[in-house]
Amino acid sequence: MNTHDVFATAGRLGRPVSGEVLIDAHGHLGHGPDFPIIRPTAEALVASMDRLGIQFTCISSIQAIFGDAEHGNALVAEALRAYPDRFFGYLVVDVGYPAKVAAQLAGGIAAGFRGLKVWSYGARPGLPYNHPNYGPVFAYANEHAMPVLAHVFGPELEELRGHIKKYPRIRWLLAHIGSAELEKYMGFAQEFPTVYVELCLSTCPRGLVEHLVAAGLEDKVVWGSDVVFLDQASQLGRVLFAQIPVGAKRKILGLNARKVLGLK
Amino acid sequence: MTPLKLIACDALVGVSRKPHPWLHPDVADLQRELARLDLSAAIVRHRQCLENFPYWGNEVLMRELAGQSSLLPAICLTPDGAPAGHSFEQTFASALAAGMRVAWMSPKEHMFSALPWCSGRLYAACAAARVPLLLEYPQVTPDELEQILTACPDLRLVLLRVPRLGRHRILYNLLERHPNLHVCVSSTYSVHEGLPELVANFGFERFVWGSSYPEAEGGASVAILTYANIPEEARRAIAHGNIERLLAEVKS
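Going line by line, the protein sequences match chains A and B. Heads up, the first sequence is in this note's numbering, so the first residue is 12 and it goes up one at a time. Heads up, the second sequence is in this note's numbering, so the first residue is 11 and it goes up one at a time.
So that you can see chain B by itself, here it is in the shape it has in the complex:
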C-alpha cells in the first residue's frame, strides 16, 4: 500500500536566540523531518520574521530555501509593507513577481491591528491574487476573525494552531459563516473524533494538514490524519490536494 502523500502547511524554520536543549530546527533538520515522516513538501515560514525584523526574516528565508524544491517559502507581510517606500502594494507586487504563492502575518508580534481598518489592504491584495494567508489562531481574537472574514469574504485565510477545544464553539461558527475560511489540521487540533466531525459538518475542501514543526512530534499530526475515520477522498484532499489546489489558483 502506498503511503499517503503529505504536504505540511505550517513549518516554522530557524533556530531561536534562546537555544532549545535538544532541538535545532534549521533547514537541514526540517529536511530530515520530511524524510523521517515521508512528507512530500512543506510550506515554510522563518523564525527570524518573529524574532527579528519581518522583512529581514523573509530575506533569510529566501536565502536558506534556495535550491530546496520541496520547501515552499511563505512570505511574512505587514500592512505597511517593506521599509523601501513603505508601500504595501509595491511590496506585495514585488513578492508576487518573485514567485510568492503563500503569505502569512503575525499581528501581535509586529504590533499592528488585524482589523480591516489597519490591515484591509493586505487582505484585499491577498484576496485579489488568491494568495492564501496563513494566520496562527492565537494571533487574533474570535471577534477580530469574524470582522476580518466579514469584511473580506474572498480572502483565503488559513488558520494554523487551532486549539483542541472539542466541538469548538468558535471555530464551528466561523466555518459556518465564512466559506473561504480554511483550517490547518495538526497536532494542536488533537480532538477526539474531531476531524471526522469537521468533515461531516463542513465537507473536506477547507482543511489542509500541518506537522506542527518544529515544536511538536510530527508523528502526532501524521496519525491524526492517517487514522481519522473519514473517506479516503477526504483524507487525500486534506493531506495534499486542497493545498495544491489553493497554490495552483494563485494569480501571479
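This is chain A alone, in the form it adopts within the complex:
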C-alpha cells in the first residue's frame, strides 16, 4: 500500500525519518539480568535516536525493575538531566516493599519523572497486578494523571482490569501486544478509553500492525522498541514498512504517544 511512502523510503535507505513526530514509548537504560547489554547508556541511545529520527524515548531503569528502584531510578534521573529534550522518564517503585513507595513516588516526581513503569512477573518473580500493594501506586498515578506503562504478556490483562476501571485519570499503556491473548489486548483497547496498546515485541509478528489498523485501532496503538533490550531500528522497521495508510503510521509512531504522554 505504502511501500514507497516517506517512512518506508527512509527505512530502506537507512536515513533518519525527518519532518515527522517519532516517539519511542518503551525504552530502558541499564543491563539485563540474563545478559550484558552493549552500551546501555543515554549517550548510545541518543545516537541511535539520531540515526533513526526519533525525537523522544521514554525510559525506565532495568535495574529498578528488577529490584533496586532507588539506585536504578537515579541512572534515569541523570539521563533526564543530561537530555531533557530527548527523554521522558518512567519511575519504578519497589512494589514489594510498600513502606518505601510513598517516598520513591515523591522523589521521582521531584526528579522529573512523568510516568510510571510497572512490571509484575515473568522471567523473574514479582507480585501480580491485583496484589493490594499496587493500590497506593496506581492511586498516586491517578491523582497526578500520569501514564502507566505496564509490562503485559497476556495473563496480566485481567489482573489490571479492576485498576483500569477504578483509576480513570491514568492513561494505560499495555506493553507487548502480539505476545499472547491478542484478542483480549484489542478488546481492552476497544473497551476502555484510557487504554492504549504498545507494540514492542522481539518476534516482530508479520501482519500484526496491519491487523490492528484494520480492526480500527490506529488511534490506540503506540510504538515502542524496548531498547536497550532490543534494537530500536528493528522495532521501528515494523511500522516503517507496514502496509497501512501513511496517516496511521503517523499516529502509531508519534501522534498517539504525544497524546498519551502529555507531550507538546
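No wet-lab data here; the hints were simulated from the structure. Incorrect hints may have been included.
[Unchecked claim] Stretch by stretch, here's where chain B covers chain A in the computed footprint (C-beta under 8 Å, at least three residues): (1) 20 to 26; (2) 43 to 54; (3) 58 to 70; (4) 211 to 219; (5) 229 to 241; (6) 251 to 265.
The beta-carbon is built from N, C-alpha and C at its ideal position, and this holds for glycine as well.
Dock chain B against the given chain A, drawing on the hints supplied.
Frame of chain A, contents of chain B only:
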C-alpha cells in the same frame, strides 16, 4: 541514492497444516515480499521438510521454485540420506549434480544427533564441496555447536535465528573460536548496538542477512541493517556480498 541490494538467506516457504489467521506464506506471497521490501533474492527452505518427510519436502521445494530465478532452493539433508539406498554420499552427490548450492538440516525435527558421531559425514561432505549449511540456532545446544565446529573446522556453518541476547555469551565465544562459523543477522538478532559490535569484534565477512520470512515483518530485518552504524563496505557485504561469495565458492 540506490537502495542496498539485499539477499535474504533464511526464507521458509510453505503453508502449515495449521493455517495462520492472516498469513499464507506460499511462493507467491514470498515473491510479493521480495517486491514490497525491494529484495533481490532469497535462499528458500520448505516447510514441508519440517511438517512432512524431509526429502518429500525437497521435491515440493524444487517443484514450486521451478522458473523462479530470484529464489534459490536450500536442500534439507539428514545423515542417513534419502530412502533410495539410504546412502548419504549418494544423496549428496545427486543433489550437488542437480545444482545444490546451499543445504540445511534440522536435527530436532528429524530425530538425529547433530554431533559428529551421527552427522559427521554430512558435515564432511558439505565442507569438501564448500556447501554452506544452514542451521537454526535453537536446533542444537551450545556444546553441540562447539563439538561440531571443532570436529569440522572447514564446515561453512550458517546459524539462523540467533537470539537477541545482548553481548551474547555463547555466540561471541563460538565466533572467536571457529573462523568458519557464519551468522545470519535478521530480526531475531534485534540487539541494541549488536551488529556494529559483531563487526568491530569479528570483521564483516562472516555475517549474512535474512528477513525472518515468513513469521516476522521483514521491515524489522531491513532496518537492522540499513540503520546499523557500520562502514558501508561492511553493510554491502552483509546485505549480499558475503552470501554471493559463499555460493560462488561451492564446488559443483
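Right, here's what the structure says about each hint:
{"no.": "1", "hint": "20 to 26", "result": "holds (count 4)"}
{"no.": "2", "hint": "43 to 54", "result": "holds (count 8)"}
{"no.": "3", "hint": "58 to 70", "result": "holds (count 4)"}
{"no.": "4", "hint": "211 to 219", "result": "holds (count 7)"}
{"no.": "5", "hint": "229 to 241", "result": "holds (count 4)"}
{"no.": "6", "hint": "251 to 265", "result": "holds (count 4)"}
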